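4 protein chains.
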Amino acid sequence: MLSNKTSDTTITASSSNNTSVNPAIDTATLLIKCKDQAGIVQAVSEFIHRYGGNIITLDQYSTAHEGGQYFMRLEFALSGLSDIIDNFEASFGHTVAKRHNMTWRLHDNAIQTKVGILVSKFDHALLDLLWRHQRGLLDCEITSVVSNHEDLRQAVENFGIPFHYVPVTKDNKAEAEEQIHELMAGNDLLVLARYMQILSSDFVKRWPMQIINIHHSFLPAFVGADPYRQAYDKGVKLIGATAHYVTAELDQGPIIEQDVHRVTHRQGVIELRAIGRDIERNVLARAVNWHVQNRVIVTGNKTVVFN
Amino acid sequence: MLSNKTSDTTITASSSNNTSVNPAIDTATLLIKCKDQAGIVQAVSEFIHRYGGNIITLDQYSTAHEGGQYFMRLEFALSGLSDIIDNFEASFGHTVAKRHNMTWRLHDNAIQTKVGILVSKFDHALLDLLWRHQRGLLDCEITSVVSNHEDLRQAVENFGIPFHYVPVTKDNKAEAEEQIHELMAGNDLLVLARYMQILSSDFVKRWPMQIINIHHSFLPAFVGADPYRQAYDKGVKLIGATAHYVTAELDQGPIIEQDVHRVTHRQGVIELRAIGRDIERNVLARAVNWHVQNRVIVTGNKTVVFN
Amino acid sequence: MLSNKTSDTTITASSSNNTSVNPAIDTATLLIKCKDQAGIVQAVSEFIHRYGGNIITLDQYSTAHEGGQYFMRLEFALSGLSDIIDNFEASFGHTVAKRHNMTWRLHDNAIQTKVGILVSKFDHALLDLLWRHQRGLLDCEITSVVSNHEDLRQAVENFGIPFHYVPVTKDNKAEAEEQIHELMAGNDLLVLARYMQILSSDFVKRWPMQIINIHHSFLPAFVGADPYRQAYDKGVKLIGATAHYVTAELDQGPIIEQDVHRVTHRQGVIELRAIGRDIERNVLARAVNWHVQNRVIVTGNKTVVFN
Amino acid sequence: MLSNKTSDTTITASSSNNTSVNPAIDTATLLIKCKDQAGIVQAVSEFIHRYGGNIITLDQYSTAHEGGQYFMRLEFALSGLSDIIDNFEASFGHTVAKRHNMTWRLHDNAIQTKVGILVSKFDHALLDLLWRHQRGLLDCEITSVVSNHEDLRQAVENFGIPFHYVPVTKDNKAEAEEQIHELMAGNDLLVLARYMQILSSDFVKRWPMQIINIHHSFLPAFVGADPYRQAYDKGVKLIGATAHYVTAELDQGPIIEQDVHRVTHRQGVIELRAIGRDIERNVLARAVNWHVQNRVIVTGNKTVVFN
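Residue numbers (the UniProt record's numbering), protein chains in the order written: chain A, 1 to 307; chain B, 1 to 307; chain C, 1 to 307; chain D, 1 to 307.
The set of hints was computed from the structure by calculation and includes no laboratory data. As the structure is a computational prediction, the values presented were derived from the model and not from experiment. Every clue listed holds true.
Quick partial rundown of chain A residues pointing at chain C, CB under 10 Å, derived from the structure: (1) Leu127; (2) Asp128; (3) Leu137; (4) Asn158; (5) Ala274; (6) Arg277; (7) Asp278; (8) Asn282.
Each residue gets a CB set at the ideal place from its N, CA and C atoms; glycine is no exception.
With the sequences and hints as input, model every part of the structure.
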């Protein structure tokens with residue numbers, strides 16, 4: 001996220017990031033948000049060119065009205081990047097970024113994003129992330145899994161990933177969240193892979209736009225508990241899932257990705273949940289990958305996704 | 001609908017109803033709703049067999065719990081059907097239907113369903129219905145179009161279909177609805193093809209489960225006005241449309257069909273509306289066709305669709 | 001399959017088979033194929049009714065032309081089924097089935113289908129099946145996995161399923177197939193979860209319509225080797241996967257299920273393969289589930305799928 | 001197309017082209033193809049900036065291997081564009097384009113693309129294009145329709161578009177094509193909206209990458225005649241349609257867009273054709289719109305589509 005101060009996210013050459021880059025060459029990703037104005041592409045590309053960099057991909061978007069916002073995602077290759085990135089970063093900030101009043105972030109793609117996962121008892125979203133990670137399909141390092149139940153310890157440890165049990169009760173919620181916060185320190189992103197505890201707004205504020213949740217409905221339909229039963233009761237013909245950033249307001253954070261699947265009157269609540277699990281795991285995996293590939297920019301309560 | 005007393009809906013041999021029937025042979029459709037119990041298929045099929053009928057398609061569904069409901073849709077071929085249908089109907093009512101306490105309806109497929117359309121200024125849903133009808137893709141007779149604007153008169157009359165202008169104001173709403181009711185008398189179904197007036201509950205009660213509306217959102221998300229703007233403001237990644245029966249409660253009637261289309265941050269409200277028009281016209285056409293083919297049974301606030 | 005003489009396939013009450021059956025009550029599935037003719041539903045339902053059975057689901061389909069074929073799938077509940085199934089089966093065969101010249105099969109749903117899996121080095125399709133099985137989402141018993149590589153032994157044994165290594169070379173192909181045949185004896189279905197050896201027509205003949213393969217393209221496009229490269233070279237905008245029964249003719253057996261995913265010019269061959277893996281595992285799981293739930297009937301080189 | 005020398009394609013402000021441009025401000029679209037190399041974005045954006053232009057959208061893509069190709073599509077706003085476009089064009093050609101050895105084309109978006117349509121008897125693809133055009137959803141001028149049958153004259157003339165009847169027989173094919181070529185002179189694009197005559201390679205050569213055809217199958221499956229029957233005979237579970245540029249080799253030109261729809265064993269050939277018509281008209285409309293918005297670049301036998 002643009003609000004993230006560290007520049008530690010990576011897009012590895014083995015990833016599905018559609019670039020033409022030679023894996024041996026250093027690359028970086030630059031995210032920019034500013035007021036729409038003439039000359040941005042020119043200024044940025046000129047700056048990179050002066051350092052000898054080559055633009056690999058460039059995506060931009062601006063909102064349609066007067067006083068609109070401008071967003072850019074740019075990957076460039078630059079031989080010997082790690083030696084000069086501090087200089088590059090400082091210089092860019094003092095010149096181009098200052099001149100155009102940009103909010104911006106630069107990422108050395110050689111450094112992997114660190115991701116921690118929170119889960120309760122449902123395993124489908126968690127295991128799908130671990131699997132994809134093991135196969136090299138997730139561009140990040142999964143550091144650990146925290147759960148308020150012991151059930152999934154074995155499954156997680158089979159992947160060689162540390163598992164921490166942090167029980168949560170009515171009485172210990174604040175202490176439990178403090179413990180989770182400490183266990184997760186050092187991560188760049190927390191993923192709620194069907195974590196069934198509501199995080200306090202204090203906790204959420206410490207991880208601004210750094211927590212992704214998978215909600216098991218096509219939001220904004222069916223907020224709250226047991227959405228598949230709500231969907232069944234309503235008789236909808238499609239059910240869905242939504243990956244979104246967690247904000248203090250429950251189920252209302254910026255949506256990153258959604259998908260749906262067709263159902264009929266024949267599917268009961270149990271079948272809806274089974275179908276839903278498949279949607280959930282796919283939607284969450286896509287959202288996490290886009291985040292760690294620095295493809296998501298939050299603006300207001302919405303996302304710009306350069307995918 | 002089962003609550004419809006007339007038996008005038010048709011499934012023509014030229015339709016897409018997937019039957020193996022010889023168009024020269026008479027067919028009928030039987031819809032049944034009753035308490036789930038043993039022996040229904042046996043009783044019904046035995047009755048039809050005794051008349052020399054041959055079952056072409058049989059769909060059934062029962063709800064999963066004790067005291068569940070049972071639903072059946074059955075098409076059969078019976079040579080010389082029109083000569084004996086009154087006898088068949090009376091006899092079925094006094095024997096099988098009575099014994100199993102059925103709500104039921106029999107349709108001679110040689111008689112076409114009569115459909116009237118209400119529209120305002122948007123033409124896409126209306127014209128798609130007229131087109132499909134002209135090409136033989138809608139199994140019904142479109143009798144007339146009523147609009148509260150003159151704009152679409154020419155487009156409708158080009159298809160050889162009568163167009164009636166019934167202006168609606170704050171002051172004449174009751175009179176206008178009375179006029180519409182009279183103009184539409186004799187129809188079996190009213191289709192609101194983006195009719196932008198809210199029908200009174202008095203009007204709706206006179207056409208129970210006989211009015212289909214196309215709502216331009218994926219209900220229950222975004223009820224009410226301007227759903228594409230709501231979808232834009234929310235930043236959803238899929239937009240949709242919903243065809244449903246009209247009940248007294250706005251946007252809350254039983255859902256017949258829904259579909260969605262993927263969008264991104266790049267689409268503004270205008271683009272969302274354009275994409276939405278394509279979804280709307282397809283969803284409405286499917287819902288209307290299923291209704292006139294007697295594929296839809298309402299139960300509570302949900303639908304069973306045998307498609 | 002109808003050609004399968006054993007009646008050992010199951011649809012457990014915990015499955016997603018959409019039935020209203022009480023899990024404590026015995027159920028069976030009846031598959032029928034015969035010439036289209038009047039009175040079939042009547043005869044079958046009357047027979048079941050006489051035994052005190054209650055029809056839970058009934059699907060039928062007949063081909064559209066003269067001399068057409070008729071297909072039926074019927075589930076019924078019958079208390080104490082296992083005590084009288086032999087009598088039921090014999091009696092049905094001598095009366096209804098004989099009279100209508102039916103090819104048919106009866107399955108006591110209390111007995112689980114036995115499934116063996118063949119795999120090479122790709123793990124995605126295999127592991128997805130093992131996962132779904134572990135979660136109770138596949139209505140069968142997975143008995144063992146055979147591979148021509150050792151790579152996936154640990155992954156399989158983690159699920160508590162026996163793993164057999166049967167290397168295949170140019171010289172030992174016949175012996176290897178004999179060994180596989182013996183290891184797999186007792187199974188009702190073999191699943192090729194990306195098994196990269198072509199089975200001999202001798203082997204295939206011993207498992208008629210009892211081998212399901214996942215082909216990594218939208219057949220009949222891109223038969224043969226490396227379909228994702230073929231798709232890339234052709235520049236198609238959708239890629240897909242196909243689950244089909246294995247016949248002596250490579251990639252030409254009856255198709256059970258297919259699905260596709262949208263791609264663009266930006267995806268290289270590596271990305272196409274990654275996207276394809278997701279399609280493959282979902283398509284294969286659906287096809288296997290439909291088979292073990294007795295939802296698939298082969299007719300000619302096509303399938304009727306009652307799902 | 002890049003091979004098209006004229007600069008007469010338009011992206012109107014009322015279109016779905018996702019830009020933030022003020023409709024009162026002049027815009028142009030620049031398409032570039034060259035060898036991948038450092039500094040392209042910098043050179044192009046610097047050139048536009050020097051003229052006072054503001055980049056609205058910029059899409060680029062480069063192939064993944066050494067010696068790769070580079071593609072760019074760029075829209076920019078420039079007040080008073082029409083007065084200086086000749087100077088701009090000449091200057092760009094002599095400097096940036098020459099230095100980077102670019103194939104390129106500049107389009108003044110105030111000038112509309114001229115499109116002629118060829119059709120036979122099927123009306124669905126044609127009428128959908130005329131409708132969308134009438135509603136302002138196609139960014140082009142439709143100049144005329146040519147058909148080898150009289151059937152659709154009235155339907156076309158209802159839209160106020162000239163209709164020309166050019167019968168084609170075995171004996172007059174060359175003359176007919178000559179007549180079509182003359183009638184279509186002045187157009188930038190020909191659309192075959194189910195035109196059932198095979199155009200000679202001589203004709204095709206005169207309209208290089210300027211003819212779009214809708215093929216009624218998911219190519220490369222089911223080339224040749226009656227693809228829906230082929231699909232039915234094969235028993236595929238999805239049917240589709242493909243919009244592609246016409247080349248001398250039948251059904252083998254670069255694919256612009258494809259889509260599919262799920263079918264089952266229940267759909268006969270007639271139903272497949274009906275479903276197919278809906279896919280065809282949507283796929284063709286998308287392809288035509290992308291072409292006239294200059295979103296398609298042909299490379300080899302594939303397309304890069306910036307949509």
